[in-house]
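The task is simple: from the sequences and hints, build the whole structure.
Residue numbers (this note's numbering), protein chains in the order written: chain X, 1 to 114; chain L, 1 to 116.
I should point out that these hints are in silico values taken from the structure, not numbers from a laboratory. Quick reminder that beta carbons are idealized off the backbone N, C-alpha and C, glycines included. Certain hints may be false.
Said to hold, decoys possible - Across the chosen pairs, the derived CB separations fall in these ranges:
hint, chain 1, residue 1, chain 2, residue 2, range
1, X, Pro30, L, Thr17, 42 to 48 Å
2, L, Phe75, X, Ala17, 40 to 46 Å
3, X, Ser14, L, Ile97, 21 to 27 Å
4, X, Thr77, L, Gly52, 29 to 35 Å
5, L, Pro8, X, Ser9, 26 to 32 Å
6, X, Ser80, L, Asn82, 48 to 54 Å
To be verified - Listed next, the stretches of chain X that the computed footprint assigns to chain L, with coverage defined by at least 3 CB atoms under 8 Å from CB atoms of chain L:
hint, stretch
7, 33 to 46
8, 102 to 113
Now for the letters of each chain:
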Amino acid sequence: AQSVTQLGSHVSVSEGALVLLRCNYSSSVPPYLFWYVQYPNQGLQLLLKYTTGATLVKGINGFEAEFKKSETSFHLTKPSAHMSDAAEYFCAVSGSSGYSTLTFGKGTMLLVSP
Amino acid sequence: SAVISQKPSRDICQRGTSLTIQCQVDSQVTMMFWYRQQPGQSLTLIATANQGSEATYESGFVIDKFPISRPNLTFSTLTVSNMSPEDSSIYLCSVVIGTGGGQPQHFGDGTRLSIL
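This is how it looks when you write it as structure tokens:
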């Protein structure tokens with residue numbers, strides 16, 4: 001069984017500041033990890049994923065995430081926030097034994113102020 | 001990735017009625033899923049749509065309430081039956097392209113459903 005915990009339902013940053021969205025997971029097998037973004041009135045868009053290999057994963061729009069097995073974490077970062085980054089972000093986990101379904105965290109709303 | 005089209009994009013329905021949501025993909029996909037996203041909440045998996053056979057439902061979701069069809073590798077429908085205000089949600093379809101673990105799911109834009 002898998003679960004995802006996203007710390008902070010809302011995160012507020014100023015434009016140009018560092019973005020850090022936290023995600024911790026629980027999985028009984030080696031996990032695959034994903035970050036998705038949802039803009040208003042849209043579906044979910046894949047930002048990045050970790051499957052195997054390099055633990056620092058780069059995604060779209062300048063985001064990156066680091067898989068830390070010892071901390072069971074997969075935090076999402078971006079060095080400098082833009083106003084256009086304001087959206088809801090979801091962390092998700094699936095098991096690595098064949099294809100298994102995604103388990104989503106509750107989401108974190110990122111607010112960016114000028 | 002693939003282009004995923006959901007119809008309708010939004011609807012307002014009367015309680016007791018049913019609505020069928022369509023999900024069309026521009027290429028053949030290996031797996032299709034249906035999710036519900038209640039207001040201000042995360043995504044909950046309703047079922048996996050299996051091509052040519054009955055869908056696989058998650059705990060808490062039943063076929064009588066959410067019948068699903070998937071006649072081919074590019075199309076699926078979800079019906080929300082006998083709707084009540086508690087069914088007001090966003091319904092999203094997602095697809096997996098390719099095989100093997102770690103393949104991401106790609107999502108349609110969702111159907112925003114309000115029940116009066």
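Checklist entry - Any hints this thing doesn't respect? Which numbers, in order? => result Of the numbered hints given earlier, those the structure breaks are 3 and 4, listed in rising order.
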